[in-house]
Amino acid sequence: GDSVTQMEGPVTLSEEAFLTINCTYTATGYPSLFWYVQYPGEGLQLLLKATKADDKGSNKGFEATYRKETTSFHLEKGSVQVSDSAVYFCALSDPPSSGGSNYKLTFGKGTLLTVNP
Amino acid sequence: DVKVTQSSRYLVKRTGEKVFLECVQDMDHENMFWYRQDPGLGLRLIYFSYDVKMKEKGDIPEGYSVSREKKERFSLILESASTNQTSMYLCASSFFTSGTETQYFGPGTRLLVL
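So the protein lines, in turn, are chains G and W. Under our numbering, residues 1 to 117 are what the first sequence spells out, in order. Under our numbering, residues 1 to 114 are what the second sequence spells out, in order.
Worth double-checking, as some hints may not be accurate.
To be verified - Restraint-style ranges between C-beta atoms, simulated for each label pair:
id : chain 1 : residue 1 : chain 2 : residue 2 : range
1  : W       : T86       : G       : N116      : 25 to 33 Å
2  : G       : Q81       : W       : P39       : 21 to 29 Å
3  : W       : R110      : G       : V82       : 42 to 50 Å
4  : G       : G41       : W       : K13       : 14 to 22 Å
Hints listed in this document are in silico derivations from the structure and should not be mistaken for laboratory results. Computed from a predicted model, the values in this text were never measured in an experiment. Think of the CB as a built atom: it goes at the ideal place given N, C-alpha and C, for glycine as much as any other residue.
Let the hints inform the model, and build the full structure from the sequences given.
Listed below in structure tokens is the structure:
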């Protein structure tokens, strides 16, 4: 079945440091890939997404590129801020044309990022 | 803006009680979901619904049931709460477009079962 593996945290960085959170996936077909973020005390919200190979999703200075050859979707940001402190979830959706359910997301376990001033 | 609301942010119940968690979305989404979130386990899907009165089991449905009588409302029911159901419960909704599934989440209900 589908699965998502992301690097275990916690990750602690200083402000303006470079961030990478690794994410790899296993899927039956050609999934769409997502990064969700959960700020303290809140629900999840979509950060960015990519729907086909070589697509790059970007938002708020974060980027991730859909790499089919390495089945990866690593999250990067060039200069983190204290306000980026949150839990980050990688997720995939496998649409029905390739055998997956068109309703469900499969999530990784989440990576806690703490950014210190 | 899409808004998903959950009836309570915090809830404390006794073992054996029947517990109702309510979720309402205001964007006319077809799909609604219930997850539980536990440290080190991420999000796990309990149930989802793709239409009124339609439901499907997710990955961990045991001990839970759901109800969707109206399109905007999706309820999670713990028939007889147990301490291992202490968790954060997240509701989400989505509108199926182009094979991508952007889900919109509520703020969560943190449930403590004593």
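Practice problem: Could you work out which earlier hints the structure fails to respect and list their numbers in ascending sequence? | Solution: 3
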